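**Q** Mind docking chain B on chain C? Use the hints.
2 protein chains.
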Amino acid sequence: MSTQPQQAPTAATVTARDVHEAATRLAGIAVRTPVLRAAPLDEHTGGQVLLKCENMQRTGSFKFRGACNAVARLSAEQLERGVIAFSSGNHALAVASAAAEAGSTAMLVMPADAPPAKFAAVRGLGAEVVTFDRYTEDRFALTARLATEHGLTPIPPYDHHDVIAGAGTSTAEFLDQAGQLDVLVIPLGGGGQLAGAGVVTAAADQGTRLIGVETAVGDKNRRSLRAGERVRIPVPRTIADGVTGEIPGELTFPLIRRHVHEVLVVHDDEIRAAMALLFGEMKLVVEPSGALAAAAVLAGRVHAPGGRVGVVLSGGNVDLPRLHGLLHPEPDVVSS
Amino acid sequence: MSTQPQQAPTAATVTARDVHEAATRLAGIAVRTPVLRAAPLDEHTGGQVLLKCENMQRTGSFKFRGACNAVARLSAEQLERGVIAFSSGNHALAVASAAAEAGSTAMLVMPADAPPAKFAAVRGLGAEVVTFDRYTEDRFALTARLATEHGLTPIPPYDHHDVIAGAGTSTAEFLDQAGQLDVLVIPLGGGGQLAGAGVVTAAADQGTRLIGVETAVGDKNRRSLRAGERVRIPVPRTIADGVTGEIPGELTFPLIRRHVHEVLVVHDDEIRAAMALLFGEMKLVVEPSGALAAAAVLAGRVHAPGGRVGVVLSGGNVDLPRLHGLLHPEPDVVSS
Chain C
1 MSTQPQQAPT AATVTARDVH EAATRLAGIA VRTPVLRAAP LDEHTGGQVL LKCENMQRTG
61 SFKFRGACNA VARLSAEQLE RGVIAFSSGN HALAVASAAA EAGSTAMLVM PADAPPAKFA
121 AVRGLGAEVV TFDRYTEDRF ALTARLATEH GLTPIPPYDH HDVIAGAGTS TAEFLDQAGQ
181 LDVLVIPLGG GGQLAGAGVV TAAADQGTRL IGVETAVGDK NRRSLRAGER VRIPVPRTIA
241 DGVTGEIPGE LTFPLIRRHV HEVLVVHDDE IRAAMALLFG EMKLVVEPSG ALAAAAVLAG
301 RVHAPGGRVG VVLSGGNVDL PRLHGLLHPE PDVVSS
Chain B
337 MSTQPQQAPT AATVTARDVH EAATRLAGIA VRTPVLRAAP LDEHTGGQVL LKCENMQRTG
397 SFKFRGACNA VARLSAEQLE RGVIAFSSGN HALAVASAAA EAGSTAMLVM PADAPPAKFA
457 AVRGLGAEVV TFDRYTEDRF ALTARLATEH GLTPIPPYDH HDVIAGAGTS TAEFLDQAGQ
517 LDVLVIPLGG GGQLAGAGVV TAAADQGTRL IGVETAVGDK NRRSLRAGER VRIPVPRTIA
577 DGVTGEIPGE LTFPLIRRHV HEVLVVHDDE IRAAMALLFG EMKLVVEPSG ALAAAAVLAG
637 RVHAPGGRVG VVLSGGNVDL PRLHGLLHPE PDVVSS
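Protein sequence lines, in the order shown, are assigned to chains C and B.
Okay, so the first sequence: first residue is 1 according to my numbering, each after it adds one.
Okay, so the second sequence: first residue is 337 according to my numbering, each after it adds one.
If we strip away everything but chain C, and leave its shape as in the complex, we get (with noise of 0.2 Å):
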């Protein structure tokens, strides 16, 4: 579908600025991206491909720029008792990271059938973890409840002025780095990075347009935006494991309704075909959910005769045994 932006203000919002001084906090600790040129990739466009690696971020995605601007505006009292967060994986990592970095600790709410990559990974990081059933428990209640008994500060995935500043520093960097592009193309989940990039660009005034990608299974953005409104919608089910949210966030959706040109979905075997071009034409490792705008791009819905396409691959935690389980399934077991 395709939505014109909007032009109502809304309240308590993030401004450019807001995303300036989160990149200054930001330097020399979350890793300055490569953007890296996708020949491979140019025909299914008519224009020029440009990728921002963002896999290559700090622990493997995007999220540690969010995470790491919310903490490090937390006060010494905060910072003592520590933080807590819910994700899907990489927003936890992302935090235990940003913690440790601060010299505070973490509990990490995490989905208990996240990847075991992912558990490890984050108490490698020092952090604890508490897990949950995210289709039937209400991961938001149980985060609220571990926060008040143990004096932690919540740090929102998306939904928090602090992340989605921070977040919008990935798309400020790819402008500086990439210059003016024609179409920017950015993977939705939250909306945390979408919408701060929403921010970026409109700042920018480049007229650069906005395009995001969900699941076809998780589409409660562009539901949302056709609705006017934010769409609750069931946990989808899809490989891209790191955007499974059930409604857009508060923040999220006015800055999305308000920047967004336009939202996308992909199918899981279109985002399947883009992990592996990606592997095999790039020789870059990525995850499904960070896949989505590549995705897009590779099925032809991403249309920009002469022009320069920004794409962000938003993260690259999936392992080697999951990635060829992915990739290369094994055939049916029939049994008698």
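The set of hints was computed from the structure by calculation and includes no laboratory data.
It should be emphasised that the depicted structure is a prediction, and the values quoted were computed from it without experimental measurement.
The reader is advised that the hints may include incorrect statements.
Quick list of the computed label-pair ranges, beta carbon to beta carbon [claimed, not checked]:
| # | chain 1 | residue 1 | chain 2 | residue 2 | range |
| --- | --- | --- | --- | --- | --- |
| 1 | B | Pro641 | C | Gln177 | 28 to 36 Å |
| 2 | B | Ala540 | C | Ala39 | 25 to 33 Å |
| 3 | B | Arg481 | C | Gln177 | 35 to 43 Å |
| 4 | B | Ala477 | C | His267 | 49 to 57 Å |
| 5 | C | Asp42 | B | Arg481 | 24 to 32 Å |
| 6 | B | Thr351 | C | Ala39 | 29 to 37 Å |
All C-beta atoms in this analysis are idealised placements derived from N, C-alpha and C, irrespective of residue type, glycine included.
**A** Quick look at chain B alone, frame taken from chain C:
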């Protein structure tokens, strides 16, 4: 072992001017491959590690540079008749692509046990494939016979003036992108890339310590340097299928002897460890031969306290099933 650079001149050598002219020929055709910071490798050197990503070169390895430079210097009549090459795979891809780029045709002589994906890729570029048994057949004699029979121009994988000059362009680019390097570590097989690097670093005269890395079971260059002459070894059995030659090149060996400070060796398990780190921490796909230099660094054999260490990732042509098999081998099946 450590070898001081020799000052003795050799005949018919490659010069920095040859490399510069090759770079001009390759401009806009070869990829200016990215240089990435590799913080996870820093601690193993005491310095700062930078990766030159030739795995992202056209056809997936640095070999495209040499093949393209050599083909670009052929006459119209030679291009009309076509070219021939033997290779364990990457040079085959490079020659096939370079020939197609120049409007010529290619016949490739490839070992019968090369990874199947390499046959398919070469044929996909329009080249003809002839296979041989690399443990019993003389690939040189077979290639010479086919060249004579069909009037084809041989494009050797490394022992050729234009191939060495073309390969040297990766080092010229690396120094241009990264600035001065205290150490430059390069995978070593036939020696084309290392010889070209030696020409470039010697001309740049920035005090760069040049290190080649070969397999412990295929240490033909180390043995030859010790002996002071080219030594032939049995075909080595290693996972590094791109560096299984038996003897250093006639042209490459004198350049390596003159310009290279040290040749290190690594074992297959060390190559596997480097591939796993590059995959997991850097999100990069690197084939075994391409990971030799990174393996020496990860094994702690390259010391550069406070220095800047350049590491070439020379190729990325490993498909996902093979990568999975190398890094997550199935347990041995015990037959009763």
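**Q** Each hint: holds or not?
**A** Here's how the hints hold up against the structure:
1. B:Pro641 / C:Gln177: 28 to 36 Å: Since the Cβ atoms of Pro641 (chain B) and Gln177 (chain C) sit about 31 Å apart, the hinted range of 28 to 36 Å holds.
2. B:Ala540 / C:Ala39: 25 to 33 Å: 29 Å, holds
3. B:Arg481 / C:Gln177: 35 to 43 Å: Since the Cβ atoms of Arg481 (chain B) and Gln177 (chain C) sit about 52 Å apart, the hinted range of 35 to 43 Å is violated.
4. B:Ala477 / C:His267: 49 to 57 Å: 53 Å, holds
5. C:Asp42 / B:Arg481: 24 to 32 Å: For Arg481 (chain B) against Asp42 (chain C), whose Cβ atoms are near 41 Å apart, the range 24 to 32 Å is violated.
6. B:Thr351 / C:Ala39: 29 to 37 Å: Between Thr351 (chain B) and Ala39 (chain C), where Cβ atoms are some 32 Å apart, the hint holds.
Consistency with the previously given hints fails for numbers 3, 5, ordered from lowest to highest.
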